[in-house]
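A.B. asks: Residue numbers (full-length UniProt numbering), protein chains in the order written: chain A, 1 to 309; chain B, 1 to 474.
None of these hints come from the bench; they were simulated from the model. Since the model is a prediction, treat every value here as computed from it, not as a measurement. Just so you know, even glycine gets a beta-carbon here, dropped at the ideal spot from N, CA and C. One should not assume that every hint holds.
[As the list claims (entries may be wrong)] If we take Cβ atoms under 8 Å as the criterion, some of the chain B residues that face chain A in the derived model are:
{"#": "1", "residue": "Asp92"}
{"#": "2", "residue": "Ile93"}
{"#": "3", "residue": "Ser94"}
{"#": "4", "residue": "Ala159"}
{"#": "5", "residue": "Glu420"}
{"#": "6", "residue": "Tyr423"}
{"#": "7", "residue": "Arg427"}
{"#": "8", "residue": "Ala444"}
{"#": "9", "residue": "Gln445"}
[What the hints assert, rightly or not] Computed list of chain B residues with no C-beta within reach of chain A, every gap over 10 Å:
{"#": "10", "residue": "Asp55"}
{"#": "11", "residue": "Gly147"}
{"#": "12", "residue": "Gln325"}
{"#": "13", "residue": "Ser386"}
{"#": "14", "residue": "Ala410"}
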Amino acid sequence: MAPPFAVAVAAVSSSSPLFSSSSSRPILRRHPLLGSISVRPRHRSAVASAAATESAGKLLLEVHGLTASVKETGQQILKGVDLTIREGEVHAIMGKNGSGKSTLTKVLVGHPHYEVTGGTILFKGENLIDMEPEERSLAGLFMSFQAPIEIPGVSNYDFLLMAINARREKDGLPALGPLEFYSVVSQKVEALKMEPKILDRNVNEGFSGGERKRNEILQLSVLGADLALLDEIDSGLDVDALEDVAHAVNGLLTPQNSVLMITHYQRLLDLIKPSYVHIMESGKIVKTGDSSLASHINEGGYKSIASFV
Amino acid sequence: MSPPSLCAAPPRAGPPPPPLLRLRRRAVSSVAASRSAAPSVSDDLVLRIAEQLEDAAPSSPLLDPLRSASALSLLTTPWPTRRSNEAFRFTDISYLRSLPISTPTRTPGLAPPTPSSDLDSHVLFSDGRLVAASGAHVSALADMPPGHARDRAAAAVAASARFSHRDIFYDFNAVGASDVAVVYVPEWAKMADDPVHIMFAYSGSDGASLMMSNPRVLVIAEKGAEVAIVEEHFGVGEEDGGCYWANPVVDIIVEEGGRVVHSYVQRQSPAAAHTKWTTVQQNTSSKYEFVEVSTGARLNRHNLHIQQLGPETETELSTFHLTSQNKQIHDLHSRLILDHPRGFSRQLHKLIACGTGNGIFDGNIQVNRYAQQTDAGQQTKCLLLSPKAVVNVKPNLQIIADDVKCTHGAAISGDLDPNELFYFQARGVDAKTATDALLFSFGAQVINRIPFKAIEKKALAQLKELLAVSRQNN
C-alpha cells in the first residue's frame, strides 16, 4: 500500500493542476527549507523508522472526492476533498477563513446542516456517510466544536454521564452510576486544571471562551476517541490555557489514535506536533507538507503558498 | 356553633354572633333578596356557590370586613365566560361547572394521613382548613395574640377587600376561607434560608361533586425583613385526591428593603381544578423572587398580581407549566404594575404542551407615568409537542413612562433546537435520549431556580416522570 503522504500528494495533483508536484519543484528550489519538507518531512526524518511505521499504521480515515453543500441553500462548500489518516498520526489543516475547514469536520461527524453530494468517507473501513451522528461518535470519532453551544438546564456532569453510558452500553458494559463516575471524571477535571464546580454548571452556560474549549477537551478525555477532530481549540485561549489543553491532548495520543486539528496559529502546532499539515482552499486540500509548512504560513501568510504558482 | 345560614336567619340557641357577623348576614341576606329582585345582574351559579361557602365557613370576626365586601361583589359578578370576560378569553373554565360544588365537612374524621414537613416552620392546610401552623413567625390569624402583629395582619386582610383587580375566584376565597395562615416577619428579621413550608393537601369527595377548598395565606415581611416560603399544592388519598376544586389565595406584603423568596409547586390530581391568586405589594427597595412549577390539575389558572408601592423594587418571576395530559389547561395571568422609578424586573415563563393540552400565558407589565428608568424584561418560551396542542400567548407591555428599558420576547416552537440535539448526538447519545434530556432541561431551567434542594429535587423527579408518561401516551 502506498504511504499516506504519497496518497495525499497524488490527490493534490489530481484535483488541482495548479499544485501539481512538477510545478512546485522550482519553488522548492527557491525555498530549500520547504523543499526538504515536501520530500522528506523533517519531523518524521528525525525518527529513522518513521516511514516504516507509517506504512504499517492501519488506515483510520479515508476521504475521497468528498463534496458537500449547505442543506438549506444548496451552496457547495466542499469541492472534492481527499484525505487519508492512519493510526497514530497527527494532522493539521490550515487555510483562510471560509475555505471549508470547519465544514469538513462537521461533515465528517454528520452535522445535519450539511449534505454530502459526492465522494466517499471510510472510517475504519466502514462507510461513515450512512451512519447517524451518534453512531459515528460511538465508532470512535470525536469533534470538538469551534463554538460549543449552551444547553441550559443540563448539568455538565449529567451530560458527560449520559455520553459515557451511551458508550458503555454499546460496548456491552453496565451503566456507571453517578457516584462511580465521579472518581473517573474528577481526575480528568484536575488534569485539565478546571474548577470542579464546572461539573455542576449547565453545559457551557455562562462559560468563558476558554472554559468552553477546555470543556470540549474534558469531554474528549472522558469519552476517548480513535480520531479526534479539534476545530480551533486554540481560539480564545490564553497561553497557559493552551498549554493545559495541548498537554491533555498529547496525553491522549497513543500509537493507535489520531488527531486532526484545525488552527490558524503556529503556537498550537508547537505544542501538539503534527505529522502532516494540509492547506485548504476553496473546499479542497491544495497542499500537504510537514510542520514546517505551517511555519512558512506563519511567516509569509497564505499568499506565500499561492506565490509558488 | 352551627353553620350560619345564608338565606333565612332564624335565631338559634348559642352565643349571639358578634356585631360584625350580623352585619355580614344582613349583607348576605340581601343576596337572597336580590336574587329574585334583579336576576339580570346576579348569576345563579355564582350565588349558589357563594351561599354554599357562606354556610360552610365558620364565623371569624377578623375576616368579616373582607367577607362582606366579597359577598357584595359576588352579587353583581357574573360567572366569567370566554365571550364576556377578556381575562378568560382563552381559558375554558367550563370544567368548574361540570359537577355540583360541595364543601368539606366540618369533621375531619376520615381525613387521609397528612403529610409532614422536614422543615421547622410549616403550615398545613387540609381541604382548605388550617390544621397546623408552627414556627417562630407563623400562626393562624385567629390564634394570634393581641398586639401589633395581629393588628397589622387584620388590617392587611381587611385592606384586601379593596383589591380592585379581583375576580370571582378571589371573592369566593374571601367568602369561603375559614381562617388565614399568617407569616409575619418583624423588622430586620432574616429567615430567607429557613423557609416556611406551606402545604396544601386536598382530597375529593365521592366523585359526584367538586369539593371546593379556600385556603388563604398572608405573608408580611416588615422593613428590612427577609423570608422564604415554599408553597406546595397536592392531592392526598385515592387517585391522588381525585376530583376537587382548590381555590387558594396568597397575599404578600414586602415592606421597605424587605425580601421575599417564594417557591410554588402545584402538583394537583389530574382531575382537580386549581384556581389560584397570588398578590404581592412591593414597597421601596424591596425584592420579590418567585419560582413556580405547575404540572397538576385538569384546569389550572394562576393569577399573579404584583403592585409596586415604592421606587427601586426588584422582581424576579420564573414560571414553568407542563400540560402532560389530554385536555389539560394551564393558564398564567401575570400582571406587574410599576408606578415608581427605577424598578427592575425579570420574568421568564416556560410552557410545554403535550397531547391536546392547552397553555395560556397573559403577561401584562404596566410601566406607568412615574415609573421612569424602569428596567423590565419579559421572556416566554413555549414548546408544543403535538399537532393538537394549543398555546395562547399574550405578552403585553404597556409603557407610558418615556425613559425606560423594556424588553420582551416570545418564542413558540414545535421542535427542540436542532443544534442542541446534535451536540448530544455528536457525543454518542441518540436523538430520542437527547430529546428526553432536552425536554427535561427545558423545565429544569426554571425548577433549578428553586433555592431549596429538597423541593427542587422532588419537582425535578416529578417532571421526569410526567415526561415519560406523556411520551408513552403519544
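A.B. asks: Work down the list of hints and note, for each, if the structure agrees.
C.D. replies: How the hints compare with the structure:
{"no.": "1", "hint": "Asp92", "in the structure": "violated (31 Å)"}
{"no.": "2", "hint": "Ile93", "in the structure": "violated (32 Å)"}
{"no.": "3", "hint": "Ser94", "in the structure": "violated (35 Å)"}
{"no.": "4", "hint": "Ala159", "in the structure": "violated (40 Å)"}
{"no.": "5", "hint": "Glu420", "in the structure": "holds (6 Å)"}
{"no.": "6", "hint": "Tyr423", "in the structure": "holds (6 Å)"}
{"no.": "7", "hint": "Arg427", "in the structure": "holds (4 Å)"}
{"no.": "8", "hint": "Ala444", "in the structure": "holds (4 Å)"}
{"no.": "9", "hint": "Gln445", "in the structure": "holds (4 Å)"}
{"no.": "10", "hint": "Asp55", "in the structure": "holds (48 Å)"}
{"no.": "11", "hint": "Gly147", "in the structure": "holds (46 Å)"}
{"no.": "12", "hint": "Gln325", "in the structure": "holds (23 Å)"}
{"no.": "13", "hint": "Ser386", "in the structure": "holds (21 Å)"}
{"no.": "14", "hint": "Ala410", "in the structure": "holds (17 Å)"}
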